[in-house]
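> In the numbering used here, the protein residues as written are 45 to 140.
Treat the hints as calculated values from the structure; they're not laboratory data.
This structure is a prediction, so every number in the text was calculated from the model and none was measured.
In this text, a Cβ means the ideal position worked out from N, Cα and C, and glycines have one as well.
Warning: the hint list may mix true and false statements.
Said to hold, decoys possible - Quick list of the computed label-pair ranges, beta carbon to beta carbon:
id	residue 1	residue 2	range
1	Lys84	Thr111	31 to 39 angstroms
2	Lys88	Lys51	20 to 28 angstroms
3	Thr111	Arg60	29 to 37 angstroms
4	Glu49	Lys120	15 to 23 angstroms
5	Lys79	Gly107	26 to 34 angstroms
6	Leu73	Glu124	16 to 24 angstroms
7	Lys77	Tyr115	31 to 39 angstroms
8	Ile117	Arg60	17 to 25 angstroms
9	Glu49	Asp99	34 to 42 angstroms
10	Asp80	Lys47	29 to 37 angstroms
As the list claims (entries may be wrong) - The calculated lysine to any residue pairs, modelled on SDA-like cross-linking and capped at a C-alpha distance of 20 angstroms, are:
id	residue 1	residue 2
11	Lys109	Val83
12	Lys93	Tyr115
13	Lys47	Lys98
14	Lys98	Arg62
15	Lys78	Tyr115
16	Lys106	Cys53
17	Lys93	Arg70
18	Lys109	Phe65
19	Lys109	Lys88
20	Lys78	Arg118
21	Lys88	Leu69
22	Lys77	Lys47
23	Lys78	Arg89
24	Lys78	Phe65
25	Lys98	Met121
26	Lys78	Lys106
27	Lys78	Tyr125
28	Lys113	Cys91
29	Lys78	Met121
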Amino acid sequence: MKKFECKRCGYCCTLRARLSFFELLRILLKGYKKKDFVVKDMKKRNCIKQFENKDCYFLVRKGKKITCKIYNIRPKMCREYPGVNICPNNKPSKRI
């Protein structure tokens, strides 16, 4: 299997990221306020807030440069992206 090579496009930062209790706690300990970055999904799980354009609350775009405010403590879902799947922005598109 080909090793995933991030192109820093920010696509992964537009997906809904759920937070475990400990992930939420780590972010809170960095000084962020829960009311500012947490929303509940339909199953009442804690998720990181997204803006209208789907960007994660912690995503920072400066021109073509994309960074994460909490990169060192980002949730497991973010650390393990794309998991067993290939990022759609990292493979040729297939048309039906």
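> Does each hint fit the structure? Answer for all of them.
Status of each hint after checking the structure:
1. A hinted range of 31 to 39 angstroms for the beta carbons of Lys84 and Thr111 is inconsistent with their spacing of about 27 angstroms.
2. Separation of Lys88 from Lys51 is about 34 angstroms and departs from the stated range, judged on CB atoms against 20 to 28 angstroms.
3. The beta-carbon spacing between Thr111 and Arg60, approximately 20 angstroms, falls outside the hinted interval of 29 to 37 angstroms.
4. A hinted range of 15 to 23 angstroms holds for the C-beta pair Glu49 and Lys120, which are about 21 angstroms apart.
5. The hinted window of 26 to 34 angstroms between Lys79 and Gly107 holds, with their beta carbons roughly 30 angstroms apart.
6. Distance hint check for Leu73 and Glu124: the Cβ-Cβ separation is about 22 angstroms, which falls inside the suggested range of 16 to 24 angstroms.
7. Checking the proposed 31 to 39 angstroms range against Lys77 and Tyr115 shows it is violated: the Cβ atoms sit about 19 angstroms from each other.
8. Remark: the range hint 17 to 25 angstroms for Ile117 to Arg60 is upheld by a beta-carbon distance near 18 angstroms.
9. The hint said 34 to 42 angstroms for the Cβ distance between Glu49 and Asp99, and at roughly 22 angstroms that hint is violated.
10. Roughly 36 angstroms separates the CB atoms of Asp80 and Lys47, a value that falls within the hinted 29 to 37 angstroms.
11. Restraint check: the Cα-Cα separation between Lys109 and Val83 comes to about 26 angstroms, which exceeds 20 angstroms; the hinted pair is violated.
12. Simply put, Lys93 and Tyr115 have alpha-carbon atoms about 16 angstroms apart, close enough for the 20 angstroms limit, and the pair holds.
13. In summary, the hint linking Lys47 to Lys98 is not supported, as the alpha carbons are separated by about 27 angstroms, beyond the 20 angstroms threshold.
14. The hinted pair formed by Lys98 and Arg62 meets the criterion: a straight-line CA distance of about 14 angstroms does not exceed 20 angstroms.
15. Using a Cα cut-off of 20 angstroms, the hinted pair Lys78 and Tyr115 holds, with the two alpha carbons roughly 17 angstroms apart.
16. Restraint check for Lys106 and Cys53: satisfied, since their Cα atoms lie roughly 12 angstroms apart, inside the 20 angstroms limit.
17. Restraint check for Lys93 and Arg70: satisfied, since their Cα atoms lie roughly 16 angstroms apart, inside the 20 angstroms limit.
18. A threshold of 20 angstroms between alpha carbons decides the hint, and for Lys109 with Phe65 the separation of about 30 angstroms lies outside it, so the pair is violated.
19. The straight-line distance between the Cα atoms of Lys109 and Lys88 is roughly 33 angstroms, outside the 20 angstroms bound, and the hint therefore fails.
20. For a cut-off of 20 angstroms, the pair hint linking Lys78 to Arg118 stands: about 15 angstroms separates their Cα positions.
21. Using a Cα cut-off of 20 angstroms, the hinted pair Lys88 and Leu69 holds, with the two alpha carbons roughly 17 angstroms apart.
22. For the hint linking Lys77 to Lys47, the alpha-carbon distance of about 36 angstroms lies beyond 20 angstroms, and the restraint is violated.
23. At roughly 13 angstroms between alpha-carbon atoms, Lys78 and Arg89 fall within 20 angstroms of each other, so this suggested pair holds.
24. Between Lys78 and Phe65 the CA atoms are separated by roughly 12 angstroms; this keeps the pair inside 20 angstroms, and the hint holds.
25. Proposed proximity of Lys98 and Met121 is supported: the alpha carbons are some 16 angstroms apart, at most 20 angstroms.
26. About 25 angstroms separates the Cα atoms of Lys78 and Lys106, which puts this hinted pair outside 20 angstroms; it is violated.
27. About 24 angstroms separates the Cα atoms of Lys78 and Tyr125, which puts this hinted pair outside 20 angstroms; it is violated.
28. For a cut-off of 20 angstroms, the pair hint linking Lys113 to Cys91 stands: about 16 angstroms separates their Cα positions.
29. A distance of roughly 19 angstroms separates the Cα atoms of Lys78 and Met121; the hinted pair therefore holds under the 20 angstroms criterion.
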